[in-house]
Amino acid sequence: MIQGASASLFVQVVEEGSFSAAARVLGVAPSSVARQIKQLEDGLGTRLFQRTTRKQSLSEAGELYYRHAKRAVEELETARAAISRLSGAPSGVLTVTAEPDLATALIAPLMPGFLAAHPDIQVKLQFSSALEDLVEGRIDVAIRMGQLKDSSLIARKIFDSRSQLYASPGYLEAFGTPDHPEELAGHQCLSFRSEAQKVVWRFQTLQGECAVPVAGRVQANGLAFLKSLAVSGCGIVMIPEWAAARDLESGTLVPVLAGFGAIPASTPVYAVYSSRRHLEPKTRAFADHLASALPGGRAGQRRGRR
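Residue numbering for the sequence shown follows our numbering, beginning at 1083 and increasing consecutively.
Hints were generated in silico from the structure; no laboratory data involved. This one's a predicted model, so the numbers in the text were calculated from it and none came from an experiment. Do not rely on the hints blindly, as some may be mistaken.
What the hints assert, rightly or not - Lysine to any residue pairs mimicking SDA-like chemistry, simulated, CA-CA at most 25 Å apart:
{"no.": "1", "residue 1": "1239", "residue 2": "1131"}
{"no.": "2", "residue 1": "1239", "residue 2": "1270"}
{"no.": "3", "residue 1": "1152", "residue 2": "1191"}
{"no.": "4", "residue 1": "1152", "residue 2": "1196"}
{"no.": "5", "residue 1": "1239", "residue 2": "1217"}
{"no.": "6", "residue 1": "1239", "residue 2": "1186"}
{"no.": "7", "residue 1": "1239", "residue 2": "1187"}
{"no.": "8", "residue 1": "1152", "residue 2": "1239"}
{"no.": "9", "residue 1": "1280", "residue 2": "1348"}
{"no.": "10", "residue 1": "1137", "residue 2": "1159"}
{"no.": "11", "residue 1": "1152", "residue 2": "1100"}
{"no.": "12", "residue 1": "1152", "residue 2": "1174"}
{"no.": "13", "residue 1": "1239", "residue 2": "1255"}
{"no.": "14", "residue 1": "1120", "residue 2": "1107"}
{"no.": "15", "residue 1": "1152", "residue 2": "1187"}
{"no.": "16", "residue 1": "1152", "residue 2": "1128"}
{"no.": "17", "residue 1": "1152", "residue 2": "1186"}
{"no.": "18", "residue 1": "1239", "residue 2": "1219"}
{"no.": "19", "residue 1": "1239", "residue 2": "1315"}
{"no.": "20", "residue 1": "1239", "residue 2": "1209"}
{"no.": "21", "residue 1": "1137", "residue 2": "1107"}
{"no.": "22", "residue 1": "1239", "residue 2": "1252"}
{"no.": "23", "residue 1": "1206", "residue 2": "1090"}
{"no.": "24", "residue 1": "1239", "residue 2": "1218"}
{"no.": "25", "residue 1": "1206", "residue 2": "1373"}
{"no.": "26", "residue 1": "1137", "residue 2": "1187"}
Stated by the list, open to error - Here are the simulated distance ranges between beta carbons:
{"no.": "27", "residue 1": "1295", "residue 2": "1158", "range": "51 to 59 Å"}
{"no.": "28", "residue 1": "1347", "residue 2": "1201", "range": "16 to 24 Å"}
{"no.": "29", "residue 1": "1160", "residue 2": "1182", "range": "47 to 55 Å"}
{"no.": "30", "residue 1": "1195", "residue 2": "1349", "range": "23 to 31 Å"}
{"no.": "31", "residue 1": "1202", "residue 2": "1257", "range": "26 to 34 Å"}
{"no.": "32", "residue 1": "1143", "residue 2": "1366", "range": "33 to 41 Å"}
{"no.": "33", "residue 1": "1128", "residue 2": "1218", "range": "27 to 35 Å"}
{"no.": "34", "residue 1": "1281", "residue 2": "1120", "range": "24 to 32 Å"}
{"no.": "35", "residue 1": "1323", "residue 2": "1261", "range": "47 to 55 Å"}
Here a beta-carbon is modelled for each residue, glycine too, at the ideal position from N, C-alpha and C.
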């Protein structure tokens, strides 16, 4: 006999890889998880895990129980979602994936309000820059930047991200403030680079588009890393406005070449979810919260990409 709470905890332990990892996700003590698993094993009359001092693995009985428990937990979640849709009250575990920089700077500050408004929702956030398979990974919603290709997924645009040049007051005092994009050639430019290619920053001027090849001693594919170097006076950085908001307030960063718009003028940010399952209230509630809380939030939907 499979009991809902015990089966759910057991499946969580298996999928997280350890008692302690499952305890962190659930917000309880590892000893509590171990005690409940022991009670489950006593009730079943068998050991579900083979334990050593260095690792734990499923026993033969554990493998069998996991297959059945996994299906049972999924069916319970489906039933819970169906009741939730009937009552209109969002609930359950919401699995979200997002790029680390975006999640830390944008999503984290909005989480307290979302959690307060929806006390029956638990959030599991996975940091990833890859285009995860939402169906295979059982991910409810992915937050992604950039233009999307057509696919079977649904993408809801939640806001437009705009980039700007920034530098520390100390850097500008030491090396001067450029008055035109072409002057960037004489500065240390901290550029975002994920592939081995020449970095070119483009700007809109009164004479038209201005393309400036930039160079510097540091390139990286992490916005937070580049911003920290800019704050330390290592150069001029181009990052989204949302990534620099707190540093602008504190004065550790100031805008550079604010009169010249970066090209592209903005990059869309989407909430992407699978069209293969009904949109659950918890997913809709999360997308609604982001769209309403972020500047320039949107409500439109379109076909997206994985």
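Original post:
Is residue 1239 close enough to residue 1186, meaning Cα to Cα at most 25 Å?
Top reply: Since the Cα atoms of residue 1239 and residue 1186 sit roughly 19 Å apart, the hinted pair holds (cutoff 25 Å).
Original post:
Given the hinted pair residue 1206 and residue 1090, is their alpha-carbon gap at most 25 Å?
Top reply: It holds: about 15 Å lies between the C-alpha atoms, which stays within 25 Å.
Original post:
Is the straight-line distance between the alpha-carbon of residue 1239 and that of residue 1218 25 Å or less?
Top reply: The hint holds at about 23 Å.
Original post:
Could one say that the CB atoms of residue 1281 and residue 1120 fall in the range 24 to 32 Å?
Top reply: 56 Å, violated
**OP:** Using the beta carbons of residue 1347 and residue 1201, state whether their distance is inside 16 to 24 Å or not.
**Re:** At roughly 39 Å between Cβ atoms, residue 1201 and residue 1347 fall outside 16 to 24 Å, so the hint is violated.
Original post:
Are the Cα positions of residue 1152 and residue 1186 separated by 25 Å at most?
Top reply: 31 Å, violated
Original post:
residue 1239 and residue 1270: Cα distance at most 25 Å?
Top reply: 34 Å, violated
Original post:
Quick one, are residue 1137 and residue 1107 close enough, alpha carbons at most 25 Å?
Top reply: 19 Å, holds
Original post:
residue 1239 and residue 1315: Cα distance at most 25 Å?
Top reply: This hinted pair is violated, its Cα atoms lying about 35 Å apart.
Original post:
CB of residue 1195 to CB of residue 1349, is that within 23 to 31 Å?
Top reply: Cβ of residue 1195 to Cβ of residue 1349: about 24 Å, so the range 23 to 31 Å holds.
**OP:** Sort out whether residue 1159 lies within 25 Å of residue 1137, counting only the CA atoms.
**Re:** Judged against 25 Å, a Cα distance of about 30 Å means the pair is violated.
Original post:
Do the alpha carbons of residue 1239 and residue 1187 lie within 25 Å of each other, as the hint requires?
Top reply: 18 Å, holds
Comparing the model with each numbered hint stated earlier shows that hints 1, 2, 3, 4, 8, 10, 13, 15, 17, 19, 22, 26, 28, 29, 31, 34, 35 do not hold.
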